[in-house]
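Asks: Quick note, the sequences are listed as chains A and B, same order. First residue of the first sequence? That's 1 in my numbering, and the numbers climb one at a time after it. First residue of the second sequence? That's 1001 in my numbering, and the numbers climb one at a time after it.
No wet-lab data here; the hints were simulated from the structure. Take the hints with a grain of salt, since some may be wrong.
In the DSSO-like style, the derived pairs of lysine-lysine whose C-alpha atoms are separated by at most 27 Å in a straight line are [claimed, not checked]:
1. A:LYS187 with A:LYS130
2. B:LYS1071 with B:LYS1051
3. B:LYS1177 with B:LYS1197
4. B:LYS1051 with B:LYS1209
5. B:LYS1177 with B:LYS1209
6. B:LYS1096 with A:LYS68
7. B:LYS1148 with B:LYS1166
8. B:LYS1071 with B:LYS1042
9. B:LYS1166 with B:LYS1209
10. B:LYS1170 with B:LYS1148
11. B:LYS1042 with B:LYS1157
12. B:LYS1090 with A:LYS108
13. A:LYS69 with B:LYS1166
14. B:LYS1071 with A:LYS108
15. B:LYS1157 with B:LYS1051
16. A:LYS187 with A:LYS367
17. B:LYS1042 with B:LYS1170
18. B:LYS1170 with B:LYS1197
19. A:LYS69 with B:LYS1148
20. A:LYS69 with B:LYS1177
21. B:LYS1197 with A:LYS68
22. A:LYS130 with A:LYS367
23. B:LYS1197 with A:LYS108
24. A:LYS367 with A:LYS124
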Amino acid sequence: MSFLLTVAWRNLWRHKRRSLITATAMAVGVALCMATLAFNDGMFEAIFDVMIEQQLGHVQVHHPDYPKKRVMNDTLPAEILTRIDGEPGTVAAAPRLQGFALLGSETKSSGALLLGVDPEREPKVTPIGKRVVEGTFLPPGETGGIVLGLRLADELGVGLGDSVVAVTQASDGSLGNALYTVTGIVKTGSAQIDRSGAFVSVADLQDLLVLPDQLHNITILTDDATDIAPYAERLRADIASDTVEVQTWWEASPQSAQMMSMRDFSSVIVLGIVFGAAGLGILNTMMMSVFERTRELGVLKALGLRPTRMVGLILVESVLLASLAVSIGLALGGGLDAFLVLRGIDLSASAKEGISFSGVVLDPVIKGVVRWEGVAQVVGAVFFVSLASSLWPAIRAARLDPVESLRAE
Amino acid sequence: MMMLLLAAMAWAADPTIEELLLATDDAGRGDQSVAVIQMHVKTDRYERTMKMQAWAKGTERTLVRILEPAKDAGVTTLKVDDNLWNYLPKVDRTMKVPPGMMSGSWMGSHFSNDDLVKESRLSEDFTCEITGRPDDSGGNYVVSCVPKPEAPVVWGKVAATVTPDKVPVKVEYWDEKGELVRTMDYSDVRDVGNGRKMPFHMMLTPHDKPGEFTELTFESLDLTVQLDDGFFNLQSLQQR
């Protein structure tokens, strides 16, 4: 083996320029692949962030009929929250209640989706506090405040400190009405919430809707986003019943799950395209080097090199070439990845309002995310493609007839 | 004299279609009225009873104030033509019901806001004919009506059953697909003076919601009041 290694190494450097050009081409392929994967993963992480973490949470608890029918009376008892808090693995749990209402200022009115949240718990589950563009989010421990979506506030013509009337049909059929004071204005990125969403404390909404100690939904963050299923299973065993359903985010929103599964699919396409091209390059290089060295390889054969060892020689050459390419590629790709992770790509020039993705608006600066398994896939693919594409030239070399090849130029 | 009496009897025994329609339109209201009404609503989700006072002048003007329960007392609805306002004493605000919420329920009952606003008169918005007479319809008249093309009416067909002495028994409403969607039954007929009789109990049954109903019981009905058009304005809406 060390003999083959020595000969192969020498062979590569006898055609310094060709070997370097091939290695560089492959290295650029590796680097571009790494950068594309980092960008792709960054994009999906951003989508995951907005879609899952902000809206769905990791695990949801609700009345089994509520997601489909949205009947106000399909509620959960609020005491379930204490049991969720006690479940190992729970990082934060946010109770929610919601209902449609007519909001009115002194002069204008507009239909709105009232979202009753716990002012203390909600910011631990969703980054809603960071989306406040004016004023503050609902102050913990207080009632009577309301935080409006940006466009809803515009439509009502109200600002901080103004009062807003909410009117709705309560669960007992009465005409629920209440007066709230605007404490903040949010821009969430979700078109629906910005246009018609309004946050009030869950206690206020329970009063307005006459749903004392009842909730529509509890959204939970767990300690490990990649290992949600066992947590959900344990919670299900503890609290699920005819009126309490536990769902993971992908059960709660299959279309989100489908979108996230596109991540792996698009990675495969990227790898395929780049390495299809790289494979042809290597095939070409190895074929050329076999043709060029017909006489030389013939001599080796005449000296008694067995065909299997001949195959081995060519394969070792291509593995050495691939190693060289991977080393350069990792250095180049590492640089590109570092840039993507630290600086990101700013798409705001082409998308002023941010990138809209299925009703979710993403931050226009996409930052790269490097996953080690992604890099490992790229490296593995280089070696695989190198070996596969040099197999044919290697077999050709092994089949050389020494007499014929010695005659060759 | 004998002839005159016979003529009068014939007249009484054989009401015209206009009289039948008017009797239906004016049930519980008359031309001008003030009434105290108990409303009992039963749905799958809740059951509630409220007491309210209602002033009406024609179909264009209505003011309804909730008297009981205490939680809702003072909530007042004003209807003038096609506009509807609610006054909410708890927050001391008056809100106009926007077009998007007109199909919503009024005070949790089976009447929608639209029902109040588009309160249509059979005698004005419909083309009607008598399709049943006392001898073949169980002693009552049946008047079938289809809306006039331009009338702001959501029904495809309405049929009123009225006794020969001009008291409505029931009104049935079909949608545009020909499906019976609701029935209003009238009972507890009482004398209201001037030889007029009116039902003091009405029951609305929505057929798409089995087991649910809204029931109106009149505790008093005064048809002799004189109400000014000016009474039905935003100021009186906010009066306690």
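Asks: Indicate, hint by hint, whether the structure satisfies it.
Replies: Cross-check of the supplied hints:
no.: 1; hint: A:LYS187 with A:LYS130; verdict: 9 Å, holds
no.: 2; hint: B:LYS1071 with B:LYS1051; verdict: 12 Å, holds
no.: 3; hint: B:LYS1177 with B:LYS1197; verdict: 35 Å, violated
no.: 4; hint: B:LYS1051 with B:LYS1209; verdict: 24 Å, holds
no.: 5; hint: B:LYS1177 with B:LYS1209; verdict: 17 Å, holds
no.: 6; hint: B:LYS1096 with A:LYS68; verdict: 31 Å, violated
no.: 7; hint: B:LYS1148 with B:LYS1166; verdict: 24 Å, holds
no.: 8; hint: B:LYS1071 with B:LYS1042; verdict: 19 Å, holds
no.: 9; hint: B:LYS1166 with B:LYS1209; verdict: 30 Å, violated
no.: 10; hint: B:LYS1170 with B:LYS1148; verdict: 21 Å, holds
no.: 11; hint: B:LYS1042 with B:LYS1157; verdict: 26 Å, holds
no.: 12; hint: B:LYS1090 with A:LYS108; verdict: 19 Å, holds
no.: 13; hint: A:LYS69 with B:LYS1166; verdict: 45 Å, violated
no.: 14; hint: B:LYS1071 with A:LYS108; verdict: 26 Å, holds
no.: 15; hint: B:LYS1157 with B:LYS1051; verdict: 31 Å, violated
no.: 16; hint: A:LYS187 with A:LYS367; verdict: 21 Å, holds
no.: 17; hint: B:LYS1042 with B:LYS1170; verdict: 20 Å, holds
no.: 18; hint: B:LYS1170 with B:LYS1197; verdict: 15 Å, holds
no.: 19; hint: A:LYS69 with B:LYS1148; verdict: 37 Å, violated
no.: 20; hint: A:LYS69 with B:LYS1177; verdict: 25 Å, holds
no.: 21; hint: B:LYS1197 with A:LYS68; verdict: 49 Å, violated
no.: 22; hint: A:LYS130 with A:LYS367; verdict: 19 Å, holds
no.: 23; hint: B:LYS1197 with A:LYS108; verdict: 45 Å, violated
no.: 24; hint: A:LYS367 with A:LYS124; verdict: 23 Å, holds
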